[in-house]
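**Q** Modelling step: build the complete structure from the supplied sequences, incorporating the hints.
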Amino acid sequence: MILEAIGAARAGHVGGDFSVADILTVLFLSVLRIDPTRPDWPERDRFILSKGHCAAALYAVLTVAGFLDRTELTSFMGRLSRLNGHPNRKIPGVEANTGPLGHGLPIAVGSAIAARLSREAWRSFVVLGDGELQEGSNWEAAMAAGHRELGSLTAIIDRNGLQQGARTEETNRLEPLADKWRAFGWEVAEADGHDVSALHAVLSAPPGRRPRCVIARTIKGRGASFMEDRVEWHHKVPSPEQIAQVLAELEAGA
Amino acid sequence: MSETFDCRQAFADELMRLAEADPRVVAVCNDSVGSSNLGAFQRAFPDRLINVGIAEQDMVGVAAGLALGGFVPFVSAASPFLTARALEQIKADIAYSRHHVVLCGQSPGMSYGELGPTHHSIEDLALMRAISGLDIIVPAGPRQTRAAMRWALGAGRPVFMRVARFKVPETTPAEAEFAPGHAVQLRDGSDVAILACGALVSRALAAADVLAERGVAARVLDMAWVRPLDEAAVLAAARECGRIVTAEEALDRGGLGGAVAELVVRHHPVPMRILGVPEFAPTGSAAFLLEHFGLSAEAIVRAALELVEHG
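As you go down the protein sequences, you meet chains A and B in turn. Residue 41 in the working numbering sits at position 53 of the first sequence; the count goes up by one each step and never skips. Residue 80 in the working numbering sits at position 26 of the second sequence; the count goes up by one each step and never skips.
Derived from the structure by calculation, the hints contain no laboratory data. One or more hints might be untrue.
Unchecked claim - Facing chain B, a subset of chain A residues (Cβ under 7 Å, in silico):
id	residue
1	SER125
2	GLU128
3	GLU216
As the list claims (entries may be wrong) - Computed far set for chain A versus chain B, every beta-carbon distance over 10 Å:
id	residue
4	GLY66
5	GLN152
6	ARG198
7	LEU238
From the three backbone atoms N, C-alpha and C, an ideal C-beta is built for every residue, glycine too.
**A** Next up, the structure:
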């Protein structure tokens, strides 16, 4: 479905879409307490895709989860389509208009505070790219969440190791990443970001006293042999032949 | 001179009243409990005062998240840091996301005086006007500050309002309606129109008195609503007075004067003078700086007379 959207638009961020797809799938199909018939249900879990450039993956998962109709997916980035290249709240299931990096975690901190003030049990989940952790606003929010012990908050890092132009560690080093989050007062779990059982186990664990950071080790371009872990596939658009090849590989691997 | 007021006390008192009446009201600030006069609020509603520390980007994002959770956050922070440091959050998280958040720019304009241009917020009106979907209110005194807050709580959409620190006399009649997008006409006249907001409203009235002594009848409009602008009142001023002076404690481009000029030039061009701050301020108190940049009754009189004599 991501390829349907990107293939139709001839634009998008396929590498990151593929690295985050399993995380989003597990969240929307087995973790989040949400109801596609009531996207504004006050007690729903709040989910924010901070790495908004991977909108195509979110739209595909929202389709699978029943928030969007599959026929709409090919309008991705089309003229006047609500399926903009970055998510926006016109789309049911989208909670924040993201795109500029480093915005999602502060919003999720706010929604976690809101749940505490309301004495309600809903939780807040946010998916961040690893590269975007270079934005300072994330660390303002990480500090606030740790200080407030926002146990209902879970941040998932799509740790594919690549950013737009190069590897994160060559550009502005993130490691030791788990230690950083622990130092900010978070509990940290690490998981294979493409192992749905492992992801489900860690994401559906009951909330603890502290906010939780899940570092999901992923592969950018996962599932497409010629894209995997290749920096140029951050936002390169596959040709129709390449799309056919990826679909065949995914079919064979399924 | 009549008694003068710091609008921050009116802000703090009104926020208490609103919070007592409406459980959705929360305050969000950046280590600004003292400068925003939120001490009493914090004692009354310790859970509903969310101080994120010195972290403006997080502060505005947190406000968006609180709105997502059903609260109406009043974000209270010094205007330069709120509007400039967190500009992208205001654009994306609040305005574009259409969250009902009230952004309260404390101590705006040059009210930090000697602390200098880093702490002045002459840019806030131009910055906020550049963002779509955000109402912009510059109250002239305590009465409008309270009215703006009451209105903002029911607005259902994002609002930016200034909360003045520089002391001003009350210029708003008790019976004046605070209707969105409506200017308040404080003085009628047809020789020249003076359109002012914030601290400049009382100075516009003083200027009108001087002009009246010289036989010039000035219309004075309190333009608390920079957006939506009262287009009917502005165009009526252009048609009926033929000359417009605008005055604001903000940059001389991109603010109230800019909004008025953009409207007038499209529909009924008339000679204008835009009084504002042209550059980073030198060292001096807020009162001194207003005089220094010609934001005084005398300077308004001069600008009006120039227009009357040459226009």
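**Q** What hint numbers does the structure not satisfy?
**A** Hint 3 is the one this structure does not satisfy, whereas the remaining hints hold.
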